[in-house]
Amino acid sequence: DAGVIQSPRHEVTEMGQEVTLRCKPISGHNSLFWYRQTMMRGLELLIYFNNNVPIDDSGMPEDRFSAKMPNASFSTLKIQPSEPRDSAVYFCASSLLDVSGNTIYFGEGSWLTVV
Amino acid sequence: SQQGEEDPQALSIQEGENATMNCSYKTSINNLQWYRQNSGRGLVHLILIRSNEREKHSGRLRVTLDTSKKSSSLLITASRAADTASYFCATDPSGNEKLTFGTGTRLTIIP
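Same order as they appear, the protein sequences are chains A and B.
Each residue of the first sequence is one higher than the one before, starting from 68 at the first, in this note's numbering.
Each residue of the second sequence is one higher than the one before, starting from 1173 at the first, in this note's numbering.
Isolated chain B (complex conformation):
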């Protein structure tokens, strides 16, 4: 079963704009992670945020976590064509490595 649900399912924006994707989950978590998947490729880890953190940055990525609302957001600033991919959130409810992935947001950056 899907633990996380991303929103929106698909997003198209102009290059240079910011892209925001949201993830909601159902159970308490140890940490939440975001992954990117380019077409025809495997998933690549982007960032991990722990349950006791509220915000984390990595380059053009900004992740927030609201455990009271069981939600997270991924912001990509100054988007580039190379950011075109599907983005997944993944949760680890028990800290035992069993990651459960959401349904993904398909992001298209229009040059």
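In isolation and in its complexed conformation, chain A is listed as follows:
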């Protein structure tokens, strides 16, 4: 399996622009997570989906952030409009909850810089 695939790997954008981050989870996994990592705040869970349905979006910082999962193999995290404080590494992760637990598999991250 190719693992969790994220794109773009790096993006630099101007303040006010729309940013769309994409994720392809591991085939067969039924849960998908979006995390944000910064030096100041560490690793924060933004939202997670189970069977394509958003279960908990309490970590989404504000209305500028939105996430969708139209099918089991694709998810997007959108920021509109972007602000410099959104600069961070955004990780997508997926898992299959089963009797062995809920090991989460991370993508390599999307490094976002908003100038």
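Don't read these hints as lab results, they were simulated from the structure.
Ideal Cβ placement from N, Cα and C applies to all residues, glycine included.
Do not rely on the hints blindly, as some may be mistaken.
[Said to hold, decoys possible] Partner residues aside, some chain B positions facing chain A, computed with beta carbon under 10 Å:
{"no.": "1", "residue": "Gln-1205"}
{"no.": "2", "residue": "Gln-1209"}
{"no.": "3", "residue": "Gly-1214"}
{"no.": "4", "residue": "Leu-1215"}
{"no.": "5", "residue": "Val-1216"}
{"no.": "6", "residue": "Leu-1220"}
{"no.": "7", "residue": "Ala-1262"}
{"no.": "8", "residue": "Asp-1264"}
{"no.": "9", "residue": "Thr-1272"}
{"no.": "10", "residue": "Phe-1273"}
{"no.": "11", "residue": "Gly-1274"}
{"no.": "12", "residue": "Gly-1276"}
With chain A held as given, fit chain B onto it using these hints.
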């Protein structure tokens, strides 16, 4: 909010020595996991220990869990330069997959 807090924040040791990292958490848990993150990369799962387990081994890794103290430790024996990374504990309070990560320990192995 951070559920887990790792200690120390940073650790430097000589290659071949053992490295111990600790994690404290606040609420009761279903399981606790440890992850490694190499610089510029995503997190990689290392080991999971359930709330009814006290110790678990995987290769050079040894994890302990003390639910009465709400703490866990990760021991890496015979450290190697490739072990240089940040290590995070993650807890699952309710068993619903919502993992909350700690602040991490940055481990540096000096060749």
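Item to complete: Verify the interface restraint on Gln-1205 (chain B): the C-beta must sit less than 10 Å from at least one C-beta of chain A.
Response: 7 Å, holds
Worksheet item: Measuring from the C-beta of Gly-1214 (chain B) to each C-beta in chain A, is the shortest one below 10 Å?
Response: 4 Å, holds
Discussion item. Does the closest beta carbon of chain A sit nearer than 10 Å to the beta carbon of Gln-1209 (chain B)?
Written reply: 8 Å, holds
Worksheet item: Quick one, is the Gly-1274 (chain B) hint okay against chain A at 10 Å, beta carbons?
Response: Given a least distance of 8 Å, the restraint on Gly-1274 (chain B) holds.
Item to complete: Using 10 Å as the Cβ threshold, decide whether Leu-1220 (chain B) counts as touching chain A.
Response: Result: holds, 5 Å to nearest chain A Cβ.
Item to complete: Go through the hint on Gly-1276 (chain B) and say holds or violated, using the shortest Cβ distance to chain A against 10 Å.
Response: Constraint on Gly-1276 (chain B) satisfied, holds at 7 Å.
Discussion item. Holds or violated: the hint that Thr-1272 (chain B) contacts chain A, with Cβ atoms closer than 10 Å.
Written reply: 7 Å, holds
Worksheet item: Per the CB criterion, is Ala-1262 (chain B) less than 10 Å away from chain A?
Response: This hint holds: Ala-1262 (chain B) lies near chain A, its Cβ roughly 8 Å from the closest one there, short of 10 Å.
Worksheet item: Is the hint on Phe-1273 (chain B) kept, meaning its closest Cβ partner in chain A is under 10 Å away?
Response: Constraint on Phe-1273 (chain B) satisfied, holds at 4 Å.
Worksheet item: Close enough to count: is the Cβ of Leu-1215 (chain B) nearer than 10 Å to one in chain A?
Response: 5 Å, holds
Worksheet item: Per the CB criterion, is Val-1216 (chain B) less than 10 Å away from chain A?
Response: 7 Å, holds
Discussion item. The hint names Asp-1264 (chain B) as touching chain A; please verify it with the least Cβ-Cβ distance against 10 Å.
Written reply: Status holds, d = 6 Å.
When each numbered hint is compared with the structure, no violation occurs for any of them.
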